[in-house]
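Engineer: Let the hints inform the model, and build the full structure from the sequences given.
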Amino acid sequence: MLLLQVIVGGLLLGAIYALFSSGLTLIWGMMNFINFAHGEFVMLGMYVALLVVVWLSGGPAVFGFAAMFALFVLGVAIYASLIRHVLRGPMLAQILSTFGLALLLRYTAFWIFSANFVSLPQTSLSGTLNVGGILMPVPQLVAGVLAILLTIGLHLLLTRTTIGSRLLAVAEDRHAAMLMGIRPDRMQALAWGLSAGAAGIAGALMATAYPWSPSVGETFGLTAFVVVALGGFGSVPGALYAGLIVGLIQAVSAFWFGPIYKDIVVYALFVALLWLRPQGLMGKA
Amino acid sequence: MKQVSQALSQARGPLVLAACLLVYPLIFSGPFYLDIGVTFLLAAISASAWNIVGGYAGQVSVGHSMFFGFGAYASLLVYTLWGWPPMFGIPLGIAFSVVLAIVIGVPTFRLTGHYFSMATIAVAELIRIFFSTWDLVGAAIGLQGPAVARGWWDLTFRSEVPYYYIFLVVLAVLLVITWALERRRFGYYLHAIKSGERASRSLGVPVQHIKIQALVVSAVFTSIAGSLYSLKTGFVDPESGFGILVSVQMVIIAALGGAGTLYGPLVGAAILIPLQTATNTWFGGGGSGLTYILYGGIIVLIARFEPGGLHELWQRLVPQRWKVRHAA
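Protein chains in written order, with the working numbering: chain A, 11 to 295; chain B, 706 to 1033.
Just so you know, not all the hints are guaranteed correct.
[What the hints assert, rightly or not] No farther apart than 20 Å at their CA atoms in a straight line, the calculated lysine to aspartate or glutamate pairs in the EDC-like style are these:
1) K272(A) <-> D840(B)
2) K272(A) <-> E944(B)
3) K899(B) <-> E1011(B)
4) K899(B) <-> E887(B)
5) K272(A) <-> E228(A)
6) K899(B) <-> E1017(B)
I should point out that these hints are in silico values taken from the structure, not numbers from a laboratory.
Structural biologist: Listed below in C-alpha cells is the structure:
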C-alpha cells in the first residue's frame, strides 16, 4: 500500500517533469539546440507564481497564467537578443550562450531571493483526497493532472493546428519553409516562447505542491535532459511517457534506497542511455 | 648566427612571459599578491587543460570538474587511508580520470557535440552527489590533508612561494606539450575535426580516436590541477572538487582569452582571477554570488559577440601594418 502511495506521488511529479521537458525537446527537435538554462526557466516560473500570490494575492488560475505569460515573453526576448545570433555560430558559442544564461539567471535569483527554501502561502487549493486508502494531496493532484493536459495540449498544438504545421515545417527544412512563405525567425521565436512558457507554468504548478530555492533550476535542467534523452530528442509524446517514468523511478528509488539516491539513480540512467540507446526509447535512430 | 638570432626573436614572447612569471613572487612578495599569483597559475593550468579538448578539438565539456575532483580527492585519500604523502595520489587521480574520460568519450563522441556537453554535466553532477554521500571520502564534509608537514615530501608549506614555483613548472610543461601537439599531425587533426567533423572523417581523419585522445590528455592535466589544488589547500569537499562552478571557471577563462589558442587561457586567467579577487574583496563574504552573476554575464557576452575570445578581437583590432613589421 505504501509502495502504491509512493508510485502515485512519483507519477504526479513526473507529470510536471513531462511538461517542462516537452519545452526542452521542442527546441532540440526544431533547431538542434540544447538549452542549458531550461531548468532556470522552471525556477523563474516558481518565483513568478510566488510574487503574484504575495503581491497581487492572485489565485491558482492567475499565477499559473502569469508564470506562463512572463516566461513566454522572456523566451521570445532571449531568442531575439541572443539565440538568433548564435544559432549559426560555432558550437562553442551555442553551448556557452545558454550555459552562461543559466548562471546569470541562477545567481541573480540567489542574489534577489536568497538561498533559503520558500513555498507558496496556502491557496484555495488544499486538503487531501483519500482514494481507496491512497492519500493524494489536492495541490499535487491538480498540478499533475493539469501538467498532463497541458503537455497533450502542446502536442495537439504542434500536430493539429496551422501554427503547429508551420513550426514543424521550419524544423523539417528551413529553406523549403521559407519558400512556402513561412518566416523561420518568427516560428523559432514562437518555439522559444512556447518552450519557456511550458517551463514557466510547470514551475507554477510545482510551486503549489513543493518548496524550492534558486538551486532547483540546476536539478530540473538535468532532469529535463534525462527525460528528453529517454523519450527521444524532439518528441513531445516521448517526453510525456519519459517524464512519468523518471518521476516514478525517482520516487521508488528514494523509497527503497533513501532520498539522497533518487538523483544518483536518475543520472546513472542517463549515462546508461547514452551508452546503450542514444536515440531514446521511442526515438528513431 | 643569423639562425640563432631569428630563433631568439621568434621565442621573444614566451621568454618575456617566462621571465615575468619567474620574477613575480620576488616583486609582489606580499601574501595577498602571492595568493593571486598562485590562484592565477592554478586557474591557467586547469583552463589550458580544458582547452585541449574544449578549445582545440571543439568538444565543449561543461563537466571537467569530474577530473579535477578525482585528482583533488585522490591526493588526500591516499593520506587519510594509508598516511602516504599526498603527492602519491597524483597518479591514482590520473588513472581514474583516464578511465572516466574513456567511459564518457566512447559513447558520446559518436554523436553530435551537444551529447558530449550534456553527458559531461550529468556525470559531473552524478559524481558530486555520489561523493557527498560516500563515507570513505568524507561524505559532505570532505577530506583533509596533513596539518603539519612530516617532511618536505608532504609538500605542505607555510609560504606560498614553493607552491608558486611548483605550479609554474606544471604550467610550463603543459604549455610546451600543447605547443608541441599543435605542430604535429595530432594538432592538425584536431583543427580539422573542429572545422568540420564529417568532412575530416571523409578525408581519413580517425575522428573518434583523436577526440578520445584529446579528452584523455585534457583529463590527465585537469586531474593534476585538482591534485595541486588539494596539495595547496589541504582540503577538498564535494563542492570545491566536483562543483559545477569548478567547470565553469575553466570554460570561461579559456573562452575569454580565446578557446583553441595557446595563450588564450593565460590571458583569460590573468583578467578573471584578479577580477574575481576584487569582487570578493569589495562585496565581502556575499560577493561570490555576484562574482557568478558577473561570470554568467561575461560568458553570454562572449558567446553573443566574440566567440573567438579576446584573441580574435586582438587579431581584428591590431593594425595589419604592425603585424607585418613584426613578422618580417
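Engineer: Next step is simple, just say for each hint if it's right about the structure.
Structural biologist: Taking the hints in turn, this is what the structure says about them:
For the suggested pair K272(A) and D840(B), the alpha carbons sit about 18 Å apart, so the restraint of at most 20 Å is met. Restraint check for K272(A) and E944(B): the C-alpha separation of about 19 Å stays at or below 20 Å, so the hint holds. Taken as a hint, the K899(B) and E1011(B) pair is honoured in the structure, with Cα atoms around 17 Å apart against an allowance of 20 Å. Restraint check: the Cα-Cα separation between K899(B) and E887(B) comes to about 13 Å, which is no more than 20 Å; the hinted pair holds.
Taking the CA atoms of K272(A) and E228(A), the gap is near 15 Å; set against the 20 Å cutoff, the hint holds. At roughly 16 Å between alpha-carbon atoms, K899(B) and E1017(B) fall within 20 Å of each other, so this suggested pair holds.
When each numbered hint is compared with the structure, no violation occurs for any of them.
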